[in-house]
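Let the hints inform the model, and build the full structure from the sequences given.
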Amino acid sequence: MTTTVTTPTPSRPLPAGPQRRRYRPTVLAIAGGSKPPRRRAPAAATSCAALAAPEKQSTATAKVAPSPAPAPSAPEGTDYDEVAATLETLYKLSPVIVEEDGKSSKKQAATKKKRKQGRTKPAAATTTTPTPKRTVVVRSQRRRRMDLGKRVEMRDQAAGKEDEHRDGERAFEEALLREHAVSTDMGSLDWRRMKIPPVLSAPQSARLFKIMQPMKAILEVQENMRSELQSEPTEAEVAEAMNMPVQRLRRLRDVGRAARNKLIKHNLRLVLYAINKYYPDMTGDERFADLCQAGANGLITAIDRFEPKRGFRISTYALFWIRHSVVRAMTLSSFTRFPFAMESERQEINRAREELSFELGRTPTDEETMKKVGLSPARYRDVVRMTRPAYSLHSRNRVTQEELINEVTDVDAIGVDTHKHNRLLRLAIDDLLDSLKPKESVVIRQRFGLDGRGRRTLSEIAGNLRISREMVRKYELKALMKLKHPTRVDYLRRYM
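Positions in the sequence shown are counted from 1; adding 76 to them yields this note's numbering.
Worth flagging that the hints you see were computed from the coordinates, not collected in a lab. Remember, it's a predicted structure, so these values are computed and weren't measured experimentally. Each hint should be verified, as a subset may be incorrect.
[To be verified] Straight-line Cα separation of at most 25 Å, PhoX-like style, residue types lysine-lysine; simulated pairs:
| hint | residue 1 | residue 2 |
| --- | --- | --- |
| 1 | 226 | 237 |
| 2 | 353 | 341 |
| 3 | 513 | 558 |
| 4 | 341 | 271 |
| 5 | 385 | 292 |
| 6 | 341 | 385 |
| 7 | 271 | 338 |
[What the hints assert, rightly or not] What follows is a set of in silico ranges between Cβ atoms, one per label pair, in the way DEER data are often shown:
| hint | residue 1 | residue 2 | range |
| --- | --- | --- | --- |
| 8 | 436 | 380 | 28 to 36 Å |
| 9 | 565 | 471 | 15 to 23 Å |
| 10 | 352 | 234 | 23 to 31 Å |
| 11 | 529 | 500 | 41 to 49 Å |
| 12 | 430 | 268 | 23 to 31 Å |
| 13 | 554 | 443 | 24 to 32 Å |
| 14 | 275 | 524 | 51 to 59 Å |
| 15 | 464 | 565 | 19 to 27 Å |
| 16 | 260 | 569 | 39 to 47 Å |
| 17 | 500 | 380 | 29 to 37 Å |
| 18 | 268 | 317 | 40 to 48 Å |
Glycine is no exception: its CB is placed at the ideal position from the N, C-alpha and C atoms.
Here it is, written out as structure tokens:
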């Protein structure tokens, strides 16, 4: 009799978890003519003492291994149950205790902790752990070259954009030549009524100054050649010196002049701003147009000398040249010329008077003005006396429109020509009364006897005008308040 016993290898360790006891079943394969009865291994819950008892002990499952050839028959009298029990006792394994790995235990504990935190609301983090910076290293890879069709398409797109830009510049230059090819005559402008174009924006001004640069280079070369040759160079000579065709030279020069004319025309507001701010006492003068023309000359100088690469604005740069030209025109055109320093001191005096008037709420005295400016009394009187504006005797009065020469009276001859003086005073009073309303003028004339019929009472005036005495009183009060106005008082004081 041949008996084959097969014991399976131990199974893989259990997954991470608490320590467990399990029995590894022993498989017995008995080769024989007949199949032995199958026996099951004891359950895991059965204790070792119960397994040791003969009445409760169970055998493992016996499995007959198939054989390709019939095995020889077992001898007679063999007890298969006894043999199986003996083998099971010999090869029975003790309970196996699976030890958990340290890393697996930590991992399982972390997993449980995360699950528990997921059920509860996480606490606010008190400290923030800085995230380490990751350095990404990009290896240089060889880029694949674009195919011929895409390269040709990109080249055509770039060429199309360049053509569009060139066409746009060409159209802008044509419009510039069409509108501003002829310069503006500053002497024929009506500075009080003319409509000045709006100020250009910074990009527009920068574009026009960029167009002006070739023209300035041409004029500079032309000036150098004029000084060298001692004669006026021709266009062909200038074009040859600049290495460009004559037509191109003319085009750049004309476009640059048009850009210059546009800059001058759109910045004329700076001239009016400078005169109204620094010379407000001359805005109503007859020399206002002359000052504006002088300021326009300063604006032209500023535009010719301006350099956009320095990063300044044209308004800041032009104000200096406008003020310089206006001051120079004022000093050169007057009969009594005084230095520029005295004009600057006069401006400081006027500025100090305005500040003191605002602070004190009244007209400041000469002593307060001298202390504010820091000038000596002698210097202050000289500046005020020499910078006082001069008026022509043939200029007309703003109120009566009469020449000032008719208002000049000789003090020494007042006693001789008293009748003429009284007549002028009478005309001045009539002018003041005529500036009132008709009923107010009549009430004042009858109340004070200016009509040559003597003074009259309120009742007499009320009867003449067929109104109440209270209305006569109101007309009288209104008329007296109007006659006390400083303008009317100054006008009447000239004839007294």
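Hint check:
| no. | hint | result |
| --- | --- | --- |
| 1 | 226 with 237 | 17 Å, holds |
| 2 | 353 with 341 | 20 Å, holds |
| 3 | 513 with 558 | 10 Å, holds |
| 4 | 341 with 271 | 11 Å, holds |
| 5 | 385 with 292 | 15 Å, holds |
| 6 | 341 with 385 | 22 Å, holds |
| 7 | 271 with 338 | 15 Å, holds |
| 8 | 436 with 380: 28 to 36 Å | 45 Å, violated |
| 9 | 565 with 471: 15 to 23 Å | 22 Å, holds |
| 10 | 352 with 234: 23 to 31 Å | 52 Å, violated |
| 11 | 529 with 500: 41 to 49 Å | 23 Å, violated |
| 12 | 430 with 268: 23 to 31 Å | 24 Å, holds |
| 13 | 554 with 443: 24 to 32 Å | 39 Å, violated |
| 14 | 275 with 524: 51 to 59 Å | 57 Å, holds |
| 15 | 464 with 565: 19 to 27 Å | 22 Å, holds |
| 16 | 260 with 569: 39 to 47 Å | 45 Å, holds |
| 17 | 500 with 380: 29 to 37 Å | 55 Å, violated |
| 18 | 268 with 317: 40 to 48 Å | 47 Å, holds |
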